[in-house]
Amino acid sequence: MTERAIPWPMMALAVVGFAYMLLPIFVVVLAGLTAGEFLTFPPEGLSLRWVAAFLQSEKYLSAFFFSFRLALMTMVVATILGTAAALFLARSNVVGKAALRAFFLSPVVLPGVVVGFALFAFFIYSGMGLSRTIWGLWIGHILYSTPYVIGTVGAALAAYDDSLEEAARSLGASPWRAFRKVTLPNISQGIQAGSIFAFIVSFGQFEVSLFLSAPNAEPLPIAMYNSLRYQFDPSAAAAGIFAITLVIASVLLTNRLVNIRRLLGRQQGQ
Amino acid sequence: MTEATAARATGARLAAPALSRARLTWLLVVPLLVFLTVFFVIPVGLLFATSLNPQTIGQVTVTSDLTLDNYLRFFSRSNYLLATGRSVALGAIVAAVTLVVAYPMAFVIAKTAHPGRNTALLILVLAAMQLDMVIRLYGMMVILGDEGLVNQMLRGIGLIGAESSVQLMYNFLGVVLGLVQFALPFMILTLVGVIRGIDPSLEEAARSLGASRRRAFFRVTLPMSLPGILSGSLLVFALSISSYIVPALMGGFRVGVLPIHIFQQVAEGARFQFGATIAVILFLLSAGAVAIYLRVGARASGGRA
Amino acid sequence: MTRKLITPTRRTLLKGGAAAALSAPFINHAWAQDVTYDGEVFDAGDATINIGEWGGGWEEFVRAALVDQFEEDFNCTVNWDSSFPWFPKFVTQGPQNPVFDICNWNLPNLTQTKQAGDYFLTTDEVRENVPNAANCWEFAFASGAGVTWAYMPYVYAYRTDIEGGPVDSFRAFWDPRFAGKRGTYGTENGLMHAFFMATAREYGDDQYDMAAAFQALEEAMPMKVSEFTFNMLSLIERGEVDVAVHIEGEALSLQRKGVPMDVWLWDSRPILTQTKTISRYSDPMQKKLAFALMNRTLSPEFLNAFGDEFLWRPTNSEAQITAVLAEAGVENTPEAVEAFWVPDWDFFVENKLEITDRLNGIFGL
Chain Y
41 MTERAIPWPM MALAVVGFAY MLLPIFVVVL AGLTAGEFLT FPPEGLSLRW
91 VAAFLQSEKY LSAFFFSFRL ALMTMVVATI LGTAAALFLA RSNVVGKAAL
141 RAFFLSPVVL PGVVVGFALF AFFIYSGMGL SRTIWGLWIG HILYSTPYVI
191 GTVGAALAAY DDSLEEAARS LGASPWRAFR KVTLPNISQG IQAGSIFAFI
241 VSFGQFEVSL FLSAPNAEPL PIAMYNSLRY QFDPSAAAAG IFAITLVIAS
291 VLLTNRLVNI RRLLGRQQGQ
Chain P
13 MTEATAARAT GARLAAPALS RARLTWLLVV PLLVFLTVFF VIPVGLLFAT
63 SLNPQTIGQV TVTSDLTLDN YLRFFSRSNY LLATGRSVAL GAIVAAVTLV
113 VAYPMAFVIA KTAHPGRNTA LLILVLAAMQ LDMVIRLYGM MVILGDEGLV
163 NQMLRGIGLI GAESSVQLMY NFLGVVLGLV QFALPFMILT LVGVIRGIDP
213 SLEEAARSLG ASRRRAFFRV TLPMSLPGIL SGSLLVFALS ISSYIVPALM
263 GGFRVGVLPI HIFQQVAEGA RFQFGATIAV ILFLLSAGAV AIYLRVGARA
313 SGGRA
Chain W
-6 MTRKLITPTR RTLLKGGAAA ALSAPFINHA WAQDVTYDGE VFDAGDATIN
44 IGEWGGGWEE FVRAALVDQF EEDFNCTVNW DSSFPWFPKF VTQGPQNPVF
94 DICNWNLPNL TQTKQAGDYF LTTDEVRENV PNAANCWEFA FASGAGVTWA
144 YMPYVYAYRT DIEGGPVDSF RAFWDPRFAG KRGTYGTENG LMHAFFMATA
194 REYGDDQYDM AAAFQALEEA MPMKVSEFTF NMLSLIERGE VDVAVHIEGE
244 ALSLQRKGVP MDVWLWDSRP ILTQTKTISR YSDPMQKKLA FALMNRTLSP
294 EFLNAFGDEF LWRPTNSEAQ ITAVLAEAGV ENTPEAVEAF WVPDWDFFVE
344 NKLEITDRLN GIFGL
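Chains as they are written, first to last, in my numbering: chain Y, 41 to 310; chain P, 13 to 317; chain W, -6 to 358.
Hints listed in this document are in silico derivations from the structure and should not be mistaken for laboratory results. By construction, the Cβ of each residue, glycine as well, lies at the ideal position given by its N, Cα and C atoms. Treat the hints loosely; a few may be bogus.
To be verified - Example chain P residues on the side facing chain Y (calculated, C-beta under 10 angstroms, incomplete):
1) G103
2) I105
3) P197
4) S254
To be verified - Calculated cross-link-like contacts (lysine to any residue; reagent style SDA-like; alpha-carbon spacing at most 20 angstroms):
5) Y:K137 with P:S213
6) Y:K137 with P:V308
7) Y:K137 with P:G300
8) W:K250 with Y:T80
9) Y:K221 with P:L40
10) Y:K137 with P:A303
11) Y:K137 with P:V41
12) Y:K137 with P:T49
13) W:K250 with Y:P83
14) W:K250 with W:N288
With these hints in hand, go ahead and build the complete structure from the sequences.
Next up, the structure:
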């Protein structure tokens, strides 16, 4: 398949879409690179002073890495729970499957503040000791991220014909091996997208964290919201620039790693 | 194909492995069921139950003092009813607009074979998700505000007077524009996986049978991406109907939707019982919408299978 | 206008508290002991104190200027939590199980919590145990449940490049030239609450004249509504808003950055305050640490440093007004502070449900 297969009206629409999606981001990034004292567009000259200020700010940086860790922890659990549940939904013939699917998605139709507050109150009167701890916060984030994984993996599974796996099993593969060698590669796009969502939803989560965040361990969106109440500087934009840089680096890095593995795999195959 | 059918037949004949397989299948869902029951059904259920108690500031647990006052209050005030309608409309409109804007983007990403270009496009999508909403609002304001780039452009080409401006923010339209921008990456990433999973030989087959490219797309590719369309628009619907921060900031605190009222009651007024009442209503509405959607979706994709 | 005071009696509160204590056996009852503090440094034996205060750059500054040294001197750990809002957290956990030992508030939220139960030590109880409070102006104790340590007058921030001259009266906000270019804050924002009370006082008989305030605010529509003073500054900077409700120091920071704007202090002289409360049912060691931290917060050294950084004015008569404000004629003298007005937040909170509903209606929420 070559890119010539993309018809031009599709291409034109996509360009407009990308412009719409990226223009606000572009504005903030430029504004954050200002050499001036405050967030302004167009920026007053370009410099990295606010990115440097962000990197020197113990508060922002620790909030950033706390959020990063929390998002990774959330991603791992949400991806496992969500993928397993999506597999179940795709394969089981149990009655009320549609209701079960709707039930799994239900945490996200409620505003995060409802879920966050309900958990906060529950932790307190149940005496679970999870109130305002990182574990309680983690639980809230998992609740809110798992539906995204179920959605994307479910979509990938719906487009995939599971008789392939059965064929592999009939040829003598163990269930796990058949799943790993046949199904997994086919739905990996969906799992990847789902885990990215889980990460992003957790990383950007403000409402669920509002009641659940623990002292001395604030997620970045909360730290930013609290900081922007009383300060008018481009550090928040700088945090975004830093995050975008990290994304670019990690995508390039994983690509490189995957390429190397492919290269090695090919050599082994020969 | 024949092999697979044969395998299925074999599987059906052998009862024992089928049984163990069913048990295995259940194992997949038990962890999530337990997790959701303990940390979602019970806490949120208890909170919902308080909506039947009289409004008492600071009271969070359920009492035996039952009343429908909170619901009467909700249904007797036009601003809550208006907010209800607005929330549902917002979810539906944003899901539809996002789908239309995202599909061509996802299609282009899915069909871009060159690894470098593909990675670049993927990075762009991921980068769009990295900015905190509060700061993203600044970018939206620079573009869509009364003195923003769009209005300056309209003035420049003389479409509107030098002193006037088109309201693209601080109203319902602004909330839609903000939510679409926010939701696009979610829709795109859901669609890319599905579009890429479509066997290209199917479209080629359709074309070799004489279908035009446009016809092949509308008859083969688009229907084949239905699972992604359903799942993506459902996610975006849920995201939009439950969002507080985007309607608050893009609507300039003047577009009443249910999450804003819930936030006011719970986070700012500590009026938990009434907040719970609004949450129950929002939940029932969304659950109803999701159920209808899943049913319609099942019928639509059922026709294909 | 009749005023209803819904203050729960102490007895009912204690009864409720006893019930809560029975159902939650892990709560420590040591709070019954009296704690006194004389201003001396003591060894807290590695205790931890929970505080609620704003985050971000504010936290970074206060930690560096005050808290780090405090932890070292008193051998304790400060658990800092900036995840506002505190009010629902306090009422969910109940008075006996305080979220924070010492907490920093704006007055409307503080009063809401104070009215919801026996959460805080009274102003008198705090005063007796905080030596530096002796030098504070009387309005620092207006809340009845804490000590105010810093404040800023409310102002209009307006662009100076608009036609029709500078803003010079409270009613100028309503000038037709500002149609669609007026800026205020969301229904639940403290600045909006103060604007509401000041509007009642200006357009009605007194600050209790809610009907007059509702009508005046309706006439000010369409306004641009923001949630942060930060966001409001960008609205002014970009010309989306020409006149906005704001606070002195923060608005002036925009002027210092070269934006053509100025401020006008409301002639009713209301102030936005930073007030710290100490929780009644904190454990003795935490309570003693809270007294000590309150004492250091009220010290001229800290207040001076804080004023230099954020342009807040100090409530301690021994502290100084920062140079930028002093050059503009701001003073810290009995005459200068006499005119300040602390709106009747008890009245506001008692009528909050109605005010919220009506403001929502005016904004179209």
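Hints the structure violates: just list their numbers, smallest first.
2, 5, 14
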